[in-house]
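Number of protein chains: 2
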Amino acid sequence: MADTGPDLEPEDRRRVVLKDVAALAGVSVKTVSNVVNGYVHVTPATRARVEAAIRELNYRPNLSARNLRQGRSGVIALAVPELDIPYFAELARLVVAAAEERSLTVLVDQTGGDRAREQLVAEGIRAHLIDGLIFSPLALTGEDLAARTDDTPMVLLGERIHHGPADHVVVRNVEAAREATLHLARLGRRRVAAIGAQDHPAAGTARLRLAGYREALAAAGLPADDGLVAPVAAYHRADGARAMARLLDRADPPDAVFCFNDLLALGALRTLLERGVDVPGDIAVAGFDDIEDGRYATPTLTTVAPDKEQLARRAVELLAERMAGAAPAAREIHVPHRLVVRESTAGRPARPAPDPAAAGRTS
Amino acid sequence: MADTGPDLEPEDRRRVVLKDVAALAGVSVKTVSNVVNGYVHVTPATRARVEAAIRELNYRPNLSARNLRQGRSGVIALAVPELDIPYFAELARLVVAAAEERSLTVLVDQTGGDRAREQLVAEGIRAHLIDGLIFSPLALTGEDLAARTDDTPMVLLGERIHHGPADHVVVRNVEAAREATLHLARLGRRRVAAIGAQDHPAAGTARLRLAGYREALAAAGLPADDGLVAPVAAYHRADGARAMARLLDRADPPDAVFCFNDLLALGALRTLLERGVDVPGDIAVAGFDDIEDGRYATPTLTTVAPDKEQLARRAVELLAERMAGAAPAAREIHVPHRLVVRESTAGRPARPAPDPAAAGRTS
DNA sequence: CTGAAAGCGCTTACAG
DNA sequence: CTGAAAGCGCTTACAG
Numbered sequence: 001m002a003d004t005g006p007d008l009e010p011e012d013r014r015r016v017v018l019k020d021v022a023a024l025a026g027v028s029v030k031t032v033s034n035v036v037n038g039y040v041h042v043t044p045a046t047r048a049r050v051e052a053a054i055r056e057l058n059y060r061p062n063l064s065a066r067n068l069r070q071g072r073s074g075v076i077a078l079a080v081p082e083l084d085i086p087y088f089a090e091l092a093r094l095v096v097a098a099a100e101e102r103s104l105t106v107l108v109d110q111t112g113g114d115r116a117r118e119q120l121v122a123e124g125i126r127a128h129l130i131d132g133l134i135f136s137p138l139a140l141t142g143e144d145l146a147a148r149t150d151d152t153p154m155v156l157l158g159e160r161i162h163h164g165p166a167d168h169v170v171v172r173n174v175e176a177a178r179e180a181t182l183h184l185a186r187l188g189r190r191r192v193a194a195i196g197a198q199d200h201p202a203a204g205t206a207r208l209r210l211a212g213y214r215e216a217l218a219a220a221g222l223p224a225d226d227g228l229v230a231p232v233a234a235y236h237r238a239d240g241a242r243a244m245a246r247l248l249d250r251a252d253p254p255d256a257v258f259c260f261n262d263l264l265a266l267g268a269l270r271t272l273l274e275r276g277v278d279v280p281g282d283i284a285v286a287g288f289d290d291i292e293d294g295r296y297a298t299p300t301l302t303t304v305a306p307d308k309e310q311l312a313r314r315a316v317e318l319l320a321e322r323m324a325g326a327a328p329a330a331r332e333i334h335v336p337h338r339l340v341v342r343e344s345t346a347g348r349p350a351r352p353a354p355d356p357a358a359a360g361r362t363s
Numbered sequence: 001m002a003d004t005g006p007d008l009e010p011e012d013r014r015r016v017v018l019k020d021v022a023a024l025a026g027v028s029v030k031t032v033s034n035v036v037n038g039y040v041h042v043t044p045a046t047r048a049r050v051e052a053a054i055r056e057l058n059y060r061p062n063l064s065a066r067n068l069r070q071g072r073s074g075v076i077a078l079a080v081p082e083l084d085i086p087y088f089a090e091l092a093r094l095v096v097a098a099a100e101e102r103s104l105t106v107l108v109d110q111t112g113g114d115r116a117r118e119q120l121v122a123e124g125i126r127a128h129l130i131d132g133l134i135f136s137p138l139a140l141t142g143e144d145l146a147a148r149t150d151d152t153p154m155v156l157l158g159e160r161i162h163h164g165p166a167d168h169v170v171v172r173n174v175e176a177a178r179e180a181t182l183h184l185a186r187l188g189r190r191r192v193a194a195i196g197a198q199d200h201p202a203a204g205t206a207r208l209r210l211a212g213y214r215e216a217l218a219a220a221g222l223p224a225d226d227g228l229v230a231p232v233a234a235y236h237r238a239d240g241a242r243a244m245a246r247l248l249d250r251a252d253p254p255d256a257v258f259c260f261n262d263l264l265a266l267g268a269l270r271t272l273l274e275r276g277v278d279v280p281g282d283i284a285v286a287g288f289d290d291i292e293d294g295r296y297a298t299p300t301l302t303t304v305a306p307d308k309e310q311l312a313r314r315a316v317e318l319l320a321e322r323m324a325g326a327a328p329a330a331r332e333i334h335v336p337h338r339l340v341v342r343e344s345t346a347g348r349p350a351r352p353a354p355d356p357a358a359a360g361r362t363s
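So the sequences go chain by chain: A and B. Numbering-wise (full-length UniProt numbering), the first sequence opens with residue 1 and increments by one. Numbering-wise (full-length UniProt numbering), the second sequence opens with residue 1 and increments by one.
Derived from the structure by calculation, the hints contain no laboratory data. Nothing false has been slipped in among the hints.
Copies of the same chain look alike in the list, so a pair counts if it fits in one copy or across any two.
DMTMM-like mimics (lysine to aspartate or glutamate), calculated; alpha carbons at most 25 angstroms apart, straight line:
hint	residue 1	residue 2
1	K308	D114
2	K19	D151
3	K308	E321
4	K19	E123
5	K19	D150
Turn these sequences into a full structure, and let the hints steer you where they fit.
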């Protein structure tokens with residue numbers, strides 16, 4: 001139509017629209033629309049003619065127009081701190097898969113765990129482009145959430161910050177951390193350390209896992225020694241490696257350590273290896289998340305395995321419900337977890353070892 | 001407007017549109033549009049009034065409408081086999097970041113490496129929703145690409161399949177594989193194996209890395225023994241673990257192995273550990289990709305490090321150029337790589353070891 | 001510097 | 001079962 005483009009324009013091959021298909025098939029646009037959208041009341045002959053025309057013209061519906069008309073886009077956003085943190089990468093894969101089953105497309109936001117960016121995401125940087133948001137915040141506060149004005153349906157992954165208006169899908173962090181720590185205590189370890197404490201008020205996960213750790217110490221009759229609780233700036237391998245080094249430098253190093261995620265544990269394992277400390281002989285190590293790396297680590301890593309598949313599936317499900325217009329009170333859904341005991345607390349398997357592939361995805 | 005919704009409708013709080021803002025600010029919609037889009041010719045006083053109205057009404061532009069009008073969406077798709085394969089996860093993070101610099105949003109497609117799904121992606125499942133596509137295919141053939149009818153701008157990551165119409169951003173695979181293999185040969189290893197060969201014709205990367213491996217053997221004056229070339233079904237840890245086991249079961253096991261990616265190498269390391277084979281003492285191991293896991297593996301992994309940052313950046317750049325209407329001939333861009341020598345070929349570092357954190361992202 | 005009006009490509013009541 | 005027409009919420013020539 002508008003022939004105002006620069007001279008680079010490929011060809012005069014004008015974009016094919018519904019009307020063109022209708023003209024070629026000799027029907028109204030309504031009928032073409034019906035065929036495209038799979039409505040029932042179209043005679044087979046008409047349908048065939050329309051489909052032939054669609055093929056011949058290579059017509060594709062313009063989704064922006066459809067979205068504008070229908071008031072929805074079929075796109076949801078997944079906002080995570082970093083896409084290449086294995087836990088979030090696995091989650092992303094599962095969310096994309098679960099969304100696809102509902103014909104939803106996933107758009108990705110990376111917040112870097114930065115509060116300002118998380119506020120933007122909560123406030124709807126993509127307002128009207130996305131129909132819903134699955135959000136795993138790191139630094140967002142309850143106040144931020146309460147101040148939210150955007151009304152895009154949202155489901156939060158992770159701890160429930162305050163009692164805001166959003167659905168949450170979570171793991172029972174306190175219980176899971178207690179189980180992991182208790183497992184270490186039952187190995188006969190007396191000085192069980194923790195790696196992963198965090199100061200800032202928004203660090204809900206860290207707080208809950210720390211609480212579970214402390215409950216377990218009490219239950220096992222072990223003294224709580226704050227010197228054995230190592231704070232970290234972030235939850236990457238490097239933080240775990242450094243924290244482990246600090247713990248080893250103490251006069252009374254631990255004989256077990258519960259790391260608040262697997263990445264921290266993998267970093268800790270590396271430090272232990274470099275220092276020549278035997279795992280689990282000298283120090284037993286447990287993590288949290290059950291990322292695939294842990295199944296191939298040296299030694300393989302004992303960890304809390306949340307049901308990530310269900311986490312993703314439930315999140316998409318709750319979101320779809322809200323998107324469909326249901327407006328129940330904010331819900332909090334718990335997904336199951338289990339403790340997976342591997343070599344880092346149970347010793348190396350006798351050779352020949354079980355094929356670690358059996359623990360991985362078969363794909 | 002249409003008050004036809006079911007009784008669940010939250011409130012009569014009608015969606016705020018441009019017109020409402022214009023009315024409140026006492027200007028025309030054109031002026032509001034100018035303010036929203038940051039055009040220059042608006043008096044400061046007017047701008048302030050409009051901005052106040054936007055805040056008061058909590059107005060957000062409807063992106064679908066804007067897209068429809070402008071003929072573009074500002075959204076690009078990234079299609080990869082699996083989001084939780086570390087290499088693709090790292091790439092995804094970098095692509096999302098690079099896209100953001102250009103105000104582009106990234107939507108993710110997972111193909112599972114399945115040809116049918118890859119054909120769909122190439123044919124534009126999201127036609128008109130996305131302005132462009134960055135695509136890392138696994139099973140797609142040159143014929144598939146030649147048959148492509150969708151004209152969404154596309155940039156391919158990985159090997160150039162045939163000489164189709166698409167831009168490619170690639171690593172010099174043959175050279176890189178040759179360097180890695182030569183490194184092993186220069187350690188004095190005589191029986192250098194390869195893990196990662198693949199049969200199917202679309203496996204361009206496998207073919208090129210195998211070629212580089214063979215070139216290096218010839219250059220080093222080593223005999224080519226096809227029994228030392230291990231094929232794999234996929235490029236996951238489990239495949240590497242199994243392939244390594246097969247190589248070890250031979251009468252004449254290798255004293256070095258070049259794995260076509262890091263995941264295969266990590267699986268191989270696990271098998272070697274279980275079998276009590278010393279790395280690099282008995283067998284030196286090298287990989288390809290430089291994923292973060294390799295920096296914390298036991299031992300740390302020697303690998304070819306492609307400049308992933310540049311890979312992502314260039315891909316987005318080429319795509320943006322095509323999206324802007326430039327239609328040069330298909331381009332093939334090579335990004336640099338380097339061989340990173342670590343413990344798996346160079347032995348363990350003397351204690352105290354360098355902090356592995358220094359090798360990781362600092363974040 | 002601002003206003004009034006057309007139109008992007010669909011879907012959807014409303015008629016027939 | 002199908003047609004003609006309105007309208008989703010923007011942006012953009014076109015006037016002034």
